[in-house]
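With the hints as constraints, model all of the structure from the sequences given.
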Amino acid sequence: MTATIFWQLLLGFGAISLVSVGGGIAVLPEMHRMVVDVHGWMSDADFARRFALAQAAPGPNVLVVGLFGWHVGGILGMLTASAAMTVPTSLIAFGFSRLRARLLGRPWLRIIERGLVPIAVGLIASSGMILAQGSAESWVTVVLTICSAIFVWRTDFSPLWVLGAGAIIGGLTL
Amino acid sequence: MSDSLAPSPSRADLFLTYGKIGLIGFGGINAWARRVLVEEKRWLTEQEYAETLGLGQVLPGPNALNAAIMIGDRFHGAVGALLASCSMFGGPLVILMGLAVLYDSYGEVPLVKAVLAGVAAAAAGMVLGTAVKMGQKLKPTLALLGVGLCALAAAGFFRVPLPMVVLGLAPFGILASWYGARGK
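First to last, the sequence lines map onto chains A and B. Going by our numbering, the first residue of the first sequence is number 1, and it counts up by one from there. Going by our numbering, the first residue of the second sequence is number 1, and it counts up by one from there.
One or more of the hints may lead you astray.
Example chain B residues on the side facing chain A (calculated, C-beta under 7 Å, incomplete) [said to hold, decoys possible]:
| hint | residue |
| --- | --- |
| 1 | 19 |
| 2 | 90 |
| 3 | 117 |
Calculated from the model, a selection of chain A residues having no Cβ within reach of chain B, i.e. all distances over 10 Å [what the hints assert, rightly or not]:
| hint | residue |
| --- | --- |
| 4 | 1 |
| 5 | 3 |
| 6 | 5 |
| 7 | 6 |
| 8 | 10 |
| 9 | 11 |
| 10 | 19 |
| 11 | 36 |
| 12 | 42 |
| 13 | 47 |
| 14 | 48 |
| 15 | 105 |
| 16 | 106 |
| 17 | 131 |
Listing some non-contacts, in silico: residues in chain A with all C-beta distances to chain B over 10 Å [claimed, not checked]:
| hint | residue |
| --- | --- |
| 18 | 2 |
| 19 | 33 |
| 20 | 41 |
These aren't lab readings, by the way, just hints derived from the structure by calculation. Glycine is no exception: its CB is placed at the ideal position from the N, C-alpha and C atoms.
Listed below in structure tokens is the structure:
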């Protein structure tokens, strides 16, 4: 990895991370602009494939930046991109956490915190919906999604059971 | 469901638990973090987790990471924040390295694609089921429910950019919350 690419990864993803309100995926269009349009590191299709791969893997979706870094700078590029995307905002979150501890119990803080709850839950639901649309390849996957949602909603069993079932059913209905 | 919490986790507990959340976090971390932290470990109540995640959404950066830092800090200060965030990212990063190497050779194998498609469909249902469960257990007021449904519609149906959804709806959520608190 050249020094130029190192700085481009570090500064590019660092800057993008600072505006990623709502989550790492919120700035996917900005990432696309940087990786595909500005630097021409990969094609549109490559970008989409890497995003799909990061979605299929467990872990924070934002790790897709690691795959972009890998593509241009190998393992060092992966680490640089991931760190640039996570370290600055983590410091902000930590500072905020300290501030919150100091203000704990203030009525206005309680009101703000409670007011943000529906946005958090609504966005979980919307990400589920977007995932469901993306994975709806056949009636089998649609039924799988519906059964899995009901299972997780109505029972307290580990959702790992439905993931395992999904893997097996997916493999069998090849 | 009782709201009694378990005793605070040790540093090792925090590290191992967040490591597990990272590794099983198919379809995104948040639904799994809730499952493990609220249902399995009982370190946080439903309401506390949802509030922490809500703050994580408003701050810049990956919201699951922001939540992990705040939860780690709550139990073990700076060390806790570091343990939770590093273990949540460490495992998946190693897996992703492996996948980055393998994907170009095996990503097009039909069996691999079919299994991944099945897992993705199940994970999507898991995330949806979690949202319904949270909505049910949090028992929101009508006004808060309205804000939640607006967030769902804006981000899920109309694909409004997330920063606009979060910053645009936050004042309404806070207003709804203030209105609800006033009546008590």
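Hint check results:
The interface hint given for residue 19 of chain B is broken, as the beta carbon of that residue sits about 11 Å from the closest beta carbon of chain A, more than 7 Å. The criterion of a C-beta within 7 Å of any C-beta in chain A is not met by residue 90 of chain B, whose closest approach is roughly 9 Å, and the hint is violated. The restraint placing residue 117 of chain B at the interface with chain A holds, with a minimum CB-CB distance near 5 Å, inside the 7 Å limit. Every C-beta of chain B lies more than 10 Å from that of residue 1 of chain A, the closest at about 15 Å, which supports listing it as non-interface.
The Cβ of residue 3 of chain A sits about 23 Å from the closest Cβ of chain B, beyond the 10 Å cut-off, so the non-interface label holds. The beta carbon of residue 5 of chain A sits about 17 Å from the closest Cβ of chain B, which is more than 10 Å, so the claim that it is off the interface holds. With a cut of 10 Å on Cβ distances, residue 6 of chain A stays outside the contact zone with chain B, its closest approach being about 18 Å. Non-interface call for residue 10 of chain A relative to chain B: holds, since the shortest CB-CB distance, roughly 16 Å, exceeds 10 Å.
Residue placement check: residue 11 of chain A keeps its beta carbon more than 10 Å from all beta carbons of chain B (closest about 16 Å). For residue 19 of chain A, the non-interface assignment is contradicted: its Cβ lies about 6 Å from the closest Cβ of chain B, within the 10 Å cut-off. Every beta carbon of chain B lies more than 10 Å from that of residue 36 of chain A, the smallest distance being close to 18 Å; the non-interface claim holds. Against chain B, the non-interface label of residue 42 of chain A holds: every CB pair exceeds 10 Å, the least being about 13 Å.
Every CB of chain B lies more than 10 Å from the CB of residue 47 of chain A, the least distance being 14 Å, so the non-interface label holds. Listed as outside the interface, residue 48 of chain A is consistent with that label: its C-beta sits roughly 13 Å from the nearest C-beta of chain B, beyond the 10 Å cut-off. Residue-level check passed: residue 105 of chain A sits 13 Å from the nearest beta carbon of chain B, beyond 10 Å. For residue 106 of chain A, the non-interface assignment is confirmed: its Cβ lies about 13 Å from the closest Cβ of chain B, beyond the 10 Å cut-off.
Against the 10 Å criterion, residue 131 of chain A falls within the reach of chain B, whose nearest CB is about 4 Å from its own CB. Here residue 2 of chain A stays apart from chain B, with its beta-carbon at least about 20 Å from theirs, past the 10 Å limit. For residue 33 of chain A, the non-interface assignment is confirmed: its Cβ lies about 13 Å from the closest Cβ of chain B, beyond the 10 Å cut-off. Chain B leaves residue 41 of chain A outside its interface by the beta-carbon criterion, the shortest separation being 14 Å against a cut-off of 10 Å.
Hints 1, 2, 10, 17 from the list above are not met by this structure, while the remaining hints are.
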